[in-house]
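Chains A and B supply the protein sequences, listed in that same order.
Under the numbering used here, residue 367 is the last one in the first sequence; the count climbs by one each step, no gaps.
Under the numbering used here, residue 367 is the last one in the second sequence; the count climbs by one each step, no gaps.
Derived by calculation from the structure, the hints in this document are not laboratory data.
Any given hint might turn out to be false.
Each pair may be met inside one copy or between any two copies, as identical chains are not told apart.
[To be verified] Below are the PhoX-like pairs computed for lysine-lysine, each with C-alpha atoms no more than 20 Å apart in a straight line: (1) Lys-12 / Lys-204; (2) Lys-7 / Lys-303; (3) Lys-24 / Lys-275; (4) Lys-296 / Lys-80; (5) Lys-102 / Lys-261; (6) Lys-352 / Lys-260; (7) Lys-255 / Lys-310; (8) Lys-231 / Lys-125; (9) Lys-296 / Lys-72; (10) Lys-303 / Lys-80; (11) Lys-280 / Lys-344; (12) Lys-255 / Lys-352; (13) Lys-102 / Lys-296; (14) Lys-80 / Lys-275; (15) Lys-7 / Lys-261; (16) Lys-80 / Lys-261.
Small disclaimer: the values here were computed from a predicted structure and weren't measured.
Protein chains: 2
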Amino acid sequence: MKLVFTKSNLNKAVNIVSKAVPSKTTMPILECILIDAETNDIKFTANDMELGIETKIEGQILEKGKVAINAKIFSDIVRKLPDDDITIETDANFTATISSCKSVFHLAGQSGEDFSYLPAIERDKKISLSQFSMKELINQTIFSTAMNDNNKMMTGELFEVQENALRVVALDGHRIAIRKVNLSEEAQAVKAIVPGKTLVEIQKILSNDAESTLTLYFTQNHILFEFENTKVVSRLIEGEYFKINNMLSSDYETKVTVNKKAFLDSIDRSTLMIKEGDKKPIIVDIKEDDLCISVKSEIGNMKENVAITKEGKDIMIGFNPKFLIDALRAIDDENVDMYMVSPKAPLFIRDKEENYIYLILPVNFSN
Amino acid sequence: MKLVFTKSNLNKAVNIVSKAVPSKTTMPILECILIDAETNDIKFTANDMELGIETKIEGQILEKGKVAINAKIFSDIVRKLPDDDITIETDANFTATISSCKSVFHLAGQSGEDFSYLPAIERDKKISLSQFSMKELINQTIFSTAMNDNNKMMTGELFEVQENALRVVALDGHRIAIRKVNLSEEAQAVKAIVPGKTLVEIQKILSNDAESTLTLYFTQNHILFEFENTKVVSRLIEGEYFKINNMLSSDYETKVTVNKKAFLDSIDRSTLMIKEGDKKPIIVDIKEDDLCISVKSEIGNMKENVAITKEGKDIMIGFNPKFLIDALRAIDDENVDMYMVSPKAPLFIRDKEENYIYLILPVNFSN
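Please build the complete structure, drawing on both the sequences and the hints.
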């Protein structure tokens with residue numbers, strides 16, 4: 001095999017597929033990128049069996065062939081080579097020679113015979129949206145997934161297509177994040193639970209381009225993200241997701257409208273009084289046109305007032321400040337509306353169209 | 001005590017003195033910043049007994065007094081407060097109230113009676129240079145000090161004033177870094193070993209301003225850096241520094257001139273073949289007008305040629321690539337001159353005026 005690439009094309013392709021290379025594995029073949037130039041296209045693939053990425057790359061094929069090369073070393077070399085043409089050549093023993101200008105590297109490669117290609121995906125149920133929208137949907141919800149997998153379902157996000165809208169839901173037992181985007185074309189109903197890890201990786205390779213289209217295909221067990229020259233296939237999490245709609249309610253006793261930045265900065269300051277790892281709640285005391293945040297700890301105490309407009313009853317309610325901060329940071333609006341029923345019932349932050357809903361459970365506090 | 005500051009003044013002063021607050025200590029008073037407004041000036045001081053920093057800060061004194069406050073929490077609060085006036089007030093129990101806009105913090109403070117002020121320094125032997133020059137001198141040598149203090153002397157740098165020049169020397173047993181700047185005024189001879197830790201911290205608070213003057217005062221046991229409103233006092237390391245001049249030689253068998261960036265990039269790439277923690281050397285093979293860098297390891301092998309102009313004999317010599325990289329990064333020149341005698345003798349990288357000299361010991365290699 002002998003191929004020639006520009007550094008920038010090669011670097012881009014290696015970066016994309018590297019996202020599917022596991023950081024730890026006992027199977028050396030999974031640490032590899034497969035370079036396949038057996039046809040007239042050059043394709044790079046990485047696949048950790050849960051998540052697989054394949055991308056087509058522009059380059060000259062001087063001699064057809066394929067080889068699997070350790071992804072980490074390969075990407076380090078490509079990154080540090082000068083901005084010039086890079087040649088990759090293999091011999092009969094699959095030793096890869098990577099050369100550019102006066103620099104020559106030799107690496108032991110593998111035949112790639114035991115490499116797993118991406119599974120074939122039926123292109124039956126599909127939706128399209130911009131890469132930018134998908135990236136935003138992920139960023140605005142992913143923090144609400146659970147980190148440890150005591151409950152596997154909580155580590156993923158529900159992708160629900162219904163009435164020409166995609167709704168994405170993440171929950172970790174203390175909070176729920178919901179985002180909705182309308183789709184431009186009619187689509188079949190879908191419910192799929194996508195692993196959080198897949199979403200974290202795909203978020204890194206999606207562009208911020210609102211014009212560039214991404215197509216999602218759903219099957220029983222897989223989701224395929226297709227954009228530009230790249231395909232990302234991920235297994236889905238099996239099972240029935242939580243019944244979200246039962247947890248949502250639009251009743252409230254108190255409605256508060258607050259400047260997002262002022263509220264966020266104030267909560268951020270309140271966390272200075274809470275030691276890392278300490279679960280101390282902050283107390284939000286809503287009285288008339290004033291919201292008072294306070295916290296008292298062995299470090300000291302803090303009190304701050306934020307201007308609000310209020311509808312309904314006064315209320316005093318405790319929160320884990322991190323949950324409020326995460327939700328507020330994910331919202332772009334200048335002002336946010338918050339809805340509460342009682343100090344024991346969840347707080348809702350949502351817009352009128354319900355393009356976003358953030359539900360946060362309150363915390364008990366001693367006054 | 002009651003004082004009012006602008007946020008930016010307060011933030012700057014807290015950042016400066018925080019550099020002398022130890023990250024770990026068993027004495028809570030050392031974790032504090034002393035705010036002293038007992039006279040008509042406001043001074044902030046921190047002192048870990050090795051290194052002490054005092055800075056004068058502009059502010060309104062509404063009521064005189066002093067208090068010691070935990071530096072970490074105080075600086076976090078100041079940083080996160082809005083960009084507005086900040087008031088610091090203490091009561092009879094030394095509880096500090098820090099307030100700005102609608103935000104109020106209460107922290108337990110201390111009287112500051114047991115706080116150690118900076119030692120008085122005799123202003124007899126002194127030199128002046130720009131803050132920028134001092135910052136550069138430190139950055140261009142500090143990497144050559146030893147990290148662990150098996151030999152205390154190696155953790156510091158020699159400051160030597162002689163014939164109206166300041167020479168700074170750092171060595172760790174494998175290499176030596178020497179930088180020299182000429183002084184504009186006549187000065188008394190000085191030899192002082194300044195702790196590396198002091199230099200690391202002072203480098204962070206010096207500005208990049210080539211117009212702004214820094215004055216250094218030397219006594220038997222201390223060095224004082226004075227600039228703008230700030231004084232930094234550090235203990236010196238006791239003892240007689242290594243006899244550097246005996247280690248320097250201007251004889252050579254091979255002189256090589258090379259483009260610094262090309263050489264540096266090439267060495268950088270060669271390190272890709274060396275696992276972290278592995279002490280494998282790179283081999284530099286100089287023949288005619290060509291310098292060939294090569295390395296062979298279990299990862300793979302790499303070879304690269306760099307154009308040079310050469311005087312004298314061919315030579316093949318091994319190096320720890322990190323030492324070459326550190327020295328080359330500290331040099332601003334487009335081309336550098338390297339002088340060698342044999343594969344067992346040190347390499348010198350130096351300019352004609354000897355404003356910089358980097359000595360690097362070679363490493364044995366099997367061919």
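Open item on the list: At most 20 Å between alpha carbons: which applies to Lys-80 and Lys-275, within, between, both or neither?
Closed with: between (42 Å within a copy, 16 Å between copies)
Open item on the list: At most 20 Å between alpha carbons: which applies to Lys-80 and Lys-261, within, between, both or neither?
Closed with: Only across copies: Lys-80 and Lys-261 sit 13 Å apart there, 41 Å inside one copy, limit 20 Å.
- [ ] Using 20 Å as the alpha carbon limit, work out where Lys-102 and Lys-296 are close: within a copy, between copies, both or neither.
- [x] between (64 Å within a copy, 17 Å between copies)
Task: Copy assignment of Lys-7 with Lys-261, given that the CA separation must stay at most 20 Å - done: Between copies only: 19 Å across, 42 Å inside.
TODO: If the cutoff is 20 Å on CA atoms, where do Lys-296 and Lys-80 land: within, between, both or neither? Let me know, please.
DONE: between (51 Å within a copy, 18 Å between copies)
Task: Intra- versus inter-subunit Cα pairing at 20 Å for Lys-280 with Lys-344 - done: within (17 Å within a copy, 63 Å between copies)
TODO: At 20 Å max between alpha carbons, let me know whether Lys-12 reaches Lys-204 within a copy, between copies, both or neither.
DONE: Result: close within a single copy only, 12 Å intra versus 36 Å inter.
Open item on the list: As a check of your reading, is Lys-296 near Lys-72 (CA-CA no more than 20 Å) within one copy, between copies, both or neither?
Closed with: So Lys-296 and Lys-72 pass the 20 Å test across copies only (18 Å; inside, 48 Å).
Task: Within, between, both or neither: Lys-231, Lys-125 at alpha-carbon 20 Å - done: within (16 Å within a copy, 70 Å between copies)
Task: Up to 20 Å CA-CA - Lys-261 versus Lys-102, copy category - done: between (54 Å within a copy, 14 Å between copies)
Open item on the list: For Lys-24 and Lys-275, with the copy left unspecified, which applies at a CA distance of at most 20 Å: within, between, both, or neither?
Closed with: between (33 Å within a copy, 17 Å between copies)
Task: Within, between, both or neither: Lys-303, Lys-80 at alpha-carbon 20 Å - done: between (51 Å within a copy, 14 Å between copies)
Checked against the numbered hints listed earlier, the structure breaks none of them; every hint is satisfied.
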